[in-house]
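Following the hints, complete the assembly by docking chain B with the ligand onto the known chain A.
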Amino acid sequence: MALAGTTYPKRDYSLTGPERERAIARGLASAEWYHSDVPRKEMKTLMKRSDGPALRDTVLWLALLAATGAGGVALWGSWWAVPFWLAYGVLYGSACDSRWHECGHGTAFRTDWMNDWVYILASFMVMRNPVSWRWSHARHHTDTIIVGRDPEIAVMRPPEIARTALAFIGLPDVFRHFAVLWRNALGRFGPDERDYIPEAERPRAIFWARIFVAIHLAAVLAALLSWSLIPLMLVGGPRIYGTWHMVLTGLLQHGGLAEDVLDHRLNSRTVLMNPVSRWIYWNMNYHVEHHMFPMVPYHALPRLHALIRHDLPPANRSMAEAYGEMIRALVRQRREKGYYLRRTLPPTARPYREDLHDDASVPRTPAA
Amino acid sequence: MPDWVDVCAEDEIEEEDVIRFDHDGRTFAVYRDETGAVFCTDGLCTHEQVHLADGLVLDDTIECPRHNGRFNYKTGAALRTPACVALATYPARIVAGRIEVAV
Ligand code: FES
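Going down the list, the protein sequences come from chains A and B. Residue numbering for the first sequence follows my numbering, starting at 1 and increasing by one per position. Residue numbering for the second sequence follows my numbering, starting at 1001 and increasing by one per position.
No wet-lab data here; the hints were simulated from the structure. Ideal Cβ positions, reconstructed from N, Cα and C, are used throughout, including at glycine. Treat the hints with caution; some may be incorrect.
[As the list claims (entries may be wrong)] Ranges between beta-carbon positions, derived for each pair: (1) L1058/B to A218/A: 34 to 40 angstroms; (2) Q1049/B to L217/A: 39 to 45 angstroms; (3) M114/A to E1034/B: 19 to 25 angstroms.
[As the list claims (entries may be wrong)] To give an idea of the interface, some chain A residues facing chain B are shown, with a C-beta separation under 7 angstroms as derived from the structure: (4) S30; (5) M47; (6) H105; (7) G106; (8) A138; (9) T142; (10) M295.
Next up, chain A with everything else stripped away, as it sits in the complex:
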């Protein structure tokens, strides 16, 4: 695909630059957001916690990790090992993201220590500091895709499509993440981290960074001592060779949609997916629903979707369809500064809450 050059300078996505002040001045920080109506009784049922679904999924996840990892090691040197490593890679390098996410919200299990331990394990696999990222993700929910406030904007404008494609093999993400862990392990935090991690939490962030760095260095050492790649295939490596599914699903969450709005229907995307991807992704394909009501556990999201879909833009019917629309939007965003993909609401929906944000910066008719 021929890509035209960009025609405007990159926005400043740092949390300490002029966009931060602009977001605050425009009332976009810690603002009121649009919510679809859900009767309290229904919402209570949806938010109800249980250990059952996440226990079942976690036991299955760990068992599959053990079985595929053991298969890969046992068949090392033969082509038969390849499918085992492909599966192990995705279970480690992609499924970790959704486990990190749901357990970080504290909604996957009813029992707290289960949420906490799966969260730590998944944070290790995805190479994120479990303390820092809890705060970062809280900010992502407060100020979703608000430039200058949200530390988790995956595709910045103008979109760098080649760089985005590299993310499918963990580049440069894995090195960037490890560098952050390394820096935290030395007790150092960047300006953005200092913006969202309270001082009192930093010692815990340093503690976990040291443990995570030590285990990764032990894997490197084991590889050197045994002169074998197996230790790195098992630990750390899947963040490169198995991360593609996390990126495949994750880019769809907000890619090509609006920035600086206060209605999740304008900046998040729900995509219907096959059951295997939904299991790996723990139903985060219902992303508008998740952002509107983050306390609804992953296993209840299909029910929430059925309840409010009359008020949402139609869900994409497949990943292929969603990628089609997103790639077209990203290519266009390289040339057109204010462009975003604006989906038509069904007649049953309440209109987009444009009054909550600045209509001059986020035009109601972005497409000519």
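Chain B with the ligand alone, transformed into the frame defined by chain A:
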């Protein structure tokens, strides 16, 4: 002597649930636990000023609907980050089937 303010009929709050109560320009959260006893706290989360009445009551805790910060609604203690600062609590009682709070 505290000034008791009428909130609602006792059965307007389900057991293990919470409602929002606005009074005199302030907002509160009024709870019933699983035994039917009533409690009252400030209505907004101490993390980012979100109405706790949209959250989930689980045993003695209220979960904030935005980031799952948690508080013990009987003592006000903050139990889970990102909520770090305790909630103010207020006396609550039931008189002749009506819930009253002293705020
Ligand atoms: S707003 Fe309540 S925990 Fe963040």
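Quiz item: Which earlier hints turn out false for this structure, listed by number in ascending order?
Solution: none
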